[in-house]
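Number of protein chains: 2
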Amino acid sequence: MSIQKSLQKIIKMIKERDTNLEEFFQNLHPSDFAEIVDDLTDEQKAELFDLLSDEEAAMVIQEMEELDQVVLFQLLTKKRASAILKEMASDDAADLLSELPENEARELLTLIDEDAEELRGLMKYPEDTAGGIMTTEYIAFPENMTVEEAIRRLREIAPEAETVYYVYVVTEEMQVSGVLSLRELIASADGTKLAEIMRKSLISVPVDMDQEEVARLVSKYDLLAVPVVDERQRLLGIVTVDDILDVLEEEATEDMYRRVGAAELESVDLVSASVPSILGRRLPWLIITLIGGLFVGSVIAVFEEALEAVAALVFFIPVIMDMGGNVATQSSTVFVRGVATGEISVEERWGYFMREIRIGVLMGVICGSTVAVAASFWQGDPMLGLVVGIAMSGTVTVAAIIGTLIPLVFSQFGIDPAYASGPLVTTIKDATGLLIYFSIAIRLLPELVNL
Amino acid sequence: MSIQKSLQKIIKMIKERDTNLEEFFQNLHPSDFAEIVDDLTDEQKAELFDLLSDEEAAMVIQEMEELDQVVLFQLLTKKRASAILKEMASDDAADLLSELPENEARELLTLIDEDAEELRGLMKYPEDTAGGIMTTEYIAFPENMTVEEAIRRLREIAPEAETVYYVYVVTEEMQVSGVLSLRELIASADGTKLAEIMRKSLISVPVDMDQEEVARLVSKYDLLAVPVVDERQRLLGIVTVDDILDVLEEEATEDMYRRVGAAELESVDLVSASVPSILGRRLPWLIITLIGGLFVGSVIAVFEEALEAVAALVFFIPVIMDMGGNVATQSSTVFVRGVATGEISVEERWGYFMREIRIGVLMGVICGSTVAVAASFWQGDPMLGLVVGIAMSGTVTVAAIIGTLIPLVFSQFGIDPAYASGPLVTTIKDATGLLIYFSIAIRLLPELVNL
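Residue numbers (my numbering), protein chains in the order written: chain A, 1 to 451; chain B, 1 to 451.
Careful: at least some of the hints might be erroneous.
No distinction is drawn between identical chains; accordingly, a pair holds when it is met within one copy or between any pair of copies.
[Claimed, not checked] Derived EDC-like pairs (lysine to aspartate or glutamate); straight-line CA-CA distance at most 16 Å:
#, residue 1, residue 2
1, K220, D42
2, K86, D128
3, K78, D32
4, K220, E250
5, K220, E35
6, K78, E156
7, K45, E149
8, K124, D32
9, K220, D416
10, K86, E118
Read the hints as simulated data drawn from the structure, not as lab findings.
All values derive from a computational prediction rather than experimental measurement.
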């Protein structure tokens, strides 16, 4: 059923207080439900959520975008809001509280009481670290528990935990000593002690690890969840694979946005944000580009006399700039993505750079020869063709080098290389390319040698 | 331990036939093992794999890149290779067989015999569809089985299945009628029939669904696995979340590469491929850019007389081209990414486009005014400043429109919009921008009105 149709049906049901409504919702996934809610008016939203139990409401809210969650929460009474918060997964609840106005969050926390301490703890971790995306609903059993006992306990607590697919085995001080997947557990004999069958070489992450690194580990080792520990190896929480899927998408979007100067934006913002806030984010990059472009113009201005003598020189400015731009973007995209996915390791970076120089030289020679022939025929001037060809070779080579070198240097200094591909690369490759072009022209063109 | 150190240790162990080798491997994750193997010589690889059991070898090989798998397989005897293939997950085995030379794959399939039919079946699905990434190691139980029986069966077969976290409930014709997560199963009473507690509204995907769409569904509904069915709803296999993580990374890389004309490349290729093969992939895009650049030059050539009269006009060509380029890239990046992540739905596309026009106009006015002032002061000619300013406003607006419109039109015709951001956008925005610039110049500048 399309969203539009579901929507009409729900509105009708709400108006008629239809008794089938409950059944309808039960067959709907909370994620689809959240999409439908998105299209309702505030009044309809409030009315709809009155019909849901706290648990149902929590499941739907967890699937909504953060901005929409905040809007919805402001439609609910404080009592109702705190009841729903209690039913939410602790990581989602903490995220939502962080987004709410501070006094409102504080008030809700006092109403929650029992779980408030836990949520306050989660809220103090930065959003993009292991601590920021972990949940505290994990399962940890002591080392001397038997398989039979563990399975029985699991069957009792399964409905509460965020994931039951890993059971962490802990010491008395809550230090993680091993892990068992649910699959290993159910495949083991009843009387066995957990300490005997647990895997001791488990992968855990420190609470301050960057979420991108956590995602890379989970992906590399095909994990369903990874434990988050403090500096004394004590279990603080777990990060589950469904959150990792979101992190991967978020990080790829962030990288793409940073490349075009729409940095520090959550994807939800750029697509659905207000026009002034978008302007505030995109304009700074444009102003830098503008200054860079004027600087490149001033490089051309140095050669004003040459331009006045041979106007045809101007006709090749676009092709030199565009080719340099294209090569620099290719080089930086492949390098930046290779670093982001871990395919280019830290030690391999300089080797990769050396290979890129070779590629740049070869592409330069090929594109230079092509444009030399084209320019010679177009302007009927082989010497001008030669000048354009040499300039093109130089520009393409330099663009490949700069397109890799600047992100490389950025990453050496711990700056995200995705930032490196904007106005800086553009300005340097344009200025260099045109400088080569005009310098060669005044040396080789007979009309210009006496200038 | 660093890879380099592990490597030295392994080589030493291999040379000395150290008995601790086995223990060492047991504490190493197959994925780390695969990384170490990567750095060995062919001889060392062959020697090392002789020491591993078929099952161990299979686990390591599954973690290797496809190209490395092929290289390794050619070091093994056919008998050994087929024994290892049998131990691999069926999706990985089928992928590897597809990469091997055809006669070799056929020979291996005859040696495998029992599982060969299954692998042949998997090999016929295109690589980037649900069928291409699914495994046949799923768990399906009949509707009338009890919870107790199901848990007992699970404990027996757990070591074999790819994932035990979902149990699919099937009819006698193998049609999927419901699903139970392992968690729901262990939380239910022993005597209950599966049909009574299974969720009937389960999400399944057709075997020919694009892998990107499968990834979006798994991510949206936070699934650990999704069943793949034929047109009669019969269960063919499952796609697990670990494969989805790889798909997300692969698709983001593909999108980024397509944007710069390094299309149809697997990331592993561009980073580690040979120089000639990289040239073959990057050059076509460059040649198109070259033609586009010359075309833009021919637009300038039309205004040769104007250029000869006012040489300063040339100085602003770079800033107009660079600003247009930057705005077009911003617009297309945000739009293409929004479509890829599903944040901009099909119905929202035109609305998004209308908003982008408003943003383009506003950015145009701001950037135009800025550059008008800058140009007036630099050249001491307010009229020239006005011309540059108006041209800039027009270029920025047009760039925002083209940067969104071209990918939008591409997606309407079912072409991946990521392709749309290359030379086509560059050429159109450059030609339009410069055309606006010179047209205004010959109308407004007193030196040019008589041309």
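Against the structure, the hints come out as follows:
{"no.": "1", "hint": "K220 x D42", "result": "neither (43 Å within a copy, 24 Å between copies)"}
{"no.": "2", "hint": "K86 x D128", "result": "neither (23 Å within a copy, 41 Å between copies)"}
{"no.": "3", "hint": "K78 x D32", "result": "neither (26 Å within a copy, 50 Å between copies)"}
{"no.": "4", "hint": "K220 x E250", "result": "between (18 Å within a copy, 14 Å between copies)"}
{"no.": "5", "hint": "K220 x E35", "result": "between (32 Å within a copy, 11 Å between copies)"}
{"no.": "6", "hint": "K78 x E156", "result": "neither (31 Å within a copy, 50 Å between copies)"}
{"no.": "7", "hint": "K45 x E149", "result": "neither (45 Å within a copy, 44 Å between copies)"}
{"no.": "8", "hint": "K124 x D32", "result": "neither (31 Å within a copy, 33 Å between copies)"}
{"no.": "9", "hint": "K220 x D416", "result": "neither (21 Å within a copy, 28 Å between copies)"}
{"no.": "10", "hint": "K86 x E118", "result": "within (11 Å within a copy, 48 Å between copies)"}
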